[in-house]
Amino acid sequence: MNNQTLIQSLSNNLQPVKPTLSPNLIALIWLSAAVAALAIAANFLWPVRGDLWQLITHNVRFTIELINVVAAIVMLTLAAFRSAVPGENSATPARWGGLLTLTWLAQYAVGIWLPTAEDRTPPSEFMCWVFIISYALLFFIPAMITCLRLYPLAPKRTGFYCSLAAGLIPTAYMHIACAYSISHIFSAHILPLAVLALAATAVFAVLYRRKQRKKIDR
Amino acid sequence: MPTAGRIPNFGARAVVISFLNTSTAQTLYVKVLKHFPRLRHFNQGYTEILVSNASSNNAAHNTFDADEQRWSQWMVDAQNGDERAYQRLLVELNTAIIRYLRRRVGNQEFIEDCAQDILLAIHNARHTYQPKRLFRPWLFAIVRNRSIDYLRKIKTTQKLAEELEATTEESISLEESYTRTALQKQLMEQLPEASRAAIELTKIQGYSNIEAAQKLSISESAVKVRVHRGLNQLKQFVTAGFK
Chain A
7 MNNQTLIQSL
17 SNNLQPVKPT
27 LSPNLIALIW
37 LSAAVAALAI
47 AANFLWPVRG
57 DLWQLITHNV
67 RFTIELINVV
77 AAIVMLTLAA
87 FRSAVPGENS
97 ATPARWGGLL
107 TLTWLAQYAV
117 GIWLPTAEDR
127 TPPSEFMCWV
137 FIISYALLFF
147 IPAMITCLRL
157 YPLAPKRTGF
167 YCSLAAGLIP
177 TAYMHIACAY
187 SISHIFSAHI
197 LPLAVLALAA
207 TAVFAVLYRR
217 KQRKKIDR
Chain B
3 MPTAGRIPNF
13 GARAVVISFL
23 NTSTAQTLYV
33 KVLKHFPRLR
43 HFNQGYTEIL
53 VSNASSNNAA
63 HNTFDADEQR
73 WSQWMVDAQN
83 GDERAYQRLL
93 VELNTAIIRY
103 LRRRVGNQEF
113 IEDCAQDILL
123 AIHNARHTYQ
133 PKRLFRPWLF
143 AIVRNRSIDY
153 LRKIKTTQKL
163 AEELEATTEE
173 SISLEESYTR
183 TALQKQLMEQ
193 LPEASRAAIE
203 LTKIQGYSNI
213 EAAQKLSISE
223 SAVKVRVHRG
233 LNQLKQFVTA
243 GFK
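Chains as they are written, first to last, in the working numbering: chain A, 7 to 224; chain B, 3 to 245.
It should be emphasised that the hints constitute simulated quantities derived from the structure, not laboratory data. Beta carbons: idealized from backbone N, C-alpha and C, even for Gly. Careful: at least some of the hints might be erroneous.
Said to hold, decoys possible - From the derived model, a few chain A residues whose C-beta atoms are all more than 12 angstroms from chain B:
#1 12
#2 13
#3 21
#4 91
#5 143
#6 151
#7 183
What the hints assert, rightly or not - DEER-style ranges, computed between Cβ atoms:
#8 110/B x 46/A: 56 to 64 angstroms
#9 160/A x 94/B: 57 to 65 angstroms
#10 46/A x 82/B: 35 to 43 angstroms
#11 110/B x 160/A: 18 to 26 angstroms
#12 140/A x 223/B: 46 to 54 angstroms
#13 219/B x 212/A: 22 to 30 angstroms
#14 221/B x 136/A: 27 to 35 angstroms
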């Protein structure tokens with residue numbers, strides 16, 4: 007098939023398509039939905055800690071950690087949806103998202119020696135794993151479907167940003183809802199996040215490849 | 003006046019002239035002229051070249067803008083289902099892509115195939131173009147990404163072909179048959195699923211076209227088409243590899 011024949015076949019019976027929304031708007035909608043879902047969780051499943059307001063107003067490091075992780079989520083969400091649209095600048099938010107995630111982790115690492123808040127007896131690790139994984143999947147699946155419907159040029163990267171953003175949301179919620187114990191944070195909040203991010207990235211890449219093959223076969 | 007807005011380079015003044023031909027020197031000269039307009043009379047030739055450079059730059063810029071606007075409009079029309087606008091767009095993009103690839107990788111045989119891959123990607127991604135945004139960054143992202151993917155694919159095929167070429171008569175043994183199976187498998191993996199299944203059934207497992215059609219729940223002619231396409235693709239992979 008030469009290029010002229012291909013052009014002819016592509017333009018024959020051309021179906022109208024609806025242009026996608028701006029990736030920034032999609033990111034905003036997705037984040038708002040995630041916050042709404044977390045608000046439900048806060049009311050019914052796992053309420054925020056009782057001394058949250060006091061911690062925010064009196065403990066600067068705690069507040070900085072919270073702002074840091076929220077900023078990382080925003081940047082990674084932007085990076086995820088922008089990277090699924092060709093020509094959009096995803097490198098800048100991705101760079102900021104990565105940097106903010108690293109500084110957020112570094113603050114916990116510092117917390118090993120100088121804890122930010124008072125150590126309290128944490129709940130069972132299993133509960134935290136279940137909460138984080140289930141909520142992360144709840145956020146990741148719609149994000150993945152949306153990104154796959156767009157056109158991610160670097161699917162692994164898009165999948166990684168999506169899964170990291172989706173996983174960071176419940177992990178950040180745990181920051182204000184669960185006990186502040188560094189060993190618990192690493193084993194029951196950050197570890198499930200890492201596991202999910204890697205597994206979800208792989209799933210995203212596999213689904214993307216399958217979708218591309220189907221298109222070629224057609 | 004010299005053509006293409008360049009100062010003619012003659013003799014011992016080569017070094018000075020090559021500096022004067024740089025855009026830095028020309029920008030500097032324009033700035034100096036603003037403050038000392040009388041200099042224009044002392045260096046009439048250079049000023050004329052600058053004027054001609056500026057006009058040719060403007061012309062190039064205008065063409066660039068015109069392309070941008072036209073392509074953007076055609077893509078918007080294509081999103082609304084306008085076949086003619088889409089065809090025009092793809093024809094122009096095909097030329098632009100081939101020109102771009104030739105500039106980047108030279109006049110290679112695979113350029114047409116690579117352009118086809120890119121056109122398909124543009125077709126599949128056409129819903130992601132937002133009319134309010136510039137067309138060129140969207141297009142360039144696809145062209146760049148797909149051409150890199152294509153070159154990687156070719157590189158893998160070349161590697162496979164080199165391995166095949168390096169096989170000697172002496173290596174025909176149990177070990178060799180294993181290598182050939184591995185190579186065969188790797189080549190087959192590059193085929194689309196539909197063609198692969200059809201070839202595996204008819205050419206490797208020895209089923210007839212009718213039997214393969216029954217197994218795949220498709221018509222006999224569809225099997226023939228898939229086998230034909232698959233074999234052609236395999237031929238291309240190996241040929242590209244040997245080249």
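Here is what the structure says about each hint:
no., hint, result
1, 12, "violated, 5 angstroms"
2, 13, "violated, 4 angstroms"
3, 21, "violated, 6 angstroms"
4, 91, "violated, 5 angstroms"
5, 143, "holds, 26 angstroms"
6, 151, "holds, 15 angstroms"
7, 183, "holds, 37 angstroms"
8, 110/B x 46/A: 56 to 64 angstroms, "holds, 57 angstroms"
9, 160/A x 94/B: 57 to 65 angstroms, "violated, 27 angstroms"
10, 46/A x 82/B: 35 to 43 angstroms, "holds, 40 angstroms"
11, 110/B x 160/A: 18 to 26 angstroms, "holds, 25 angstroms"
12, 140/A x 223/B: 46 to 54 angstroms, "holds, 49 angstroms"
13, 219/B x 212/A: 22 to 30 angstroms, "holds, 25 angstroms"
14, 221/B x 136/A: 27 to 35 angstroms, "violated, 50 angstroms"
In terms of the numbered hints stated before, the structure departs from hints 1, 2, 3, 4, 9 and 14, listed from lowest to highest.
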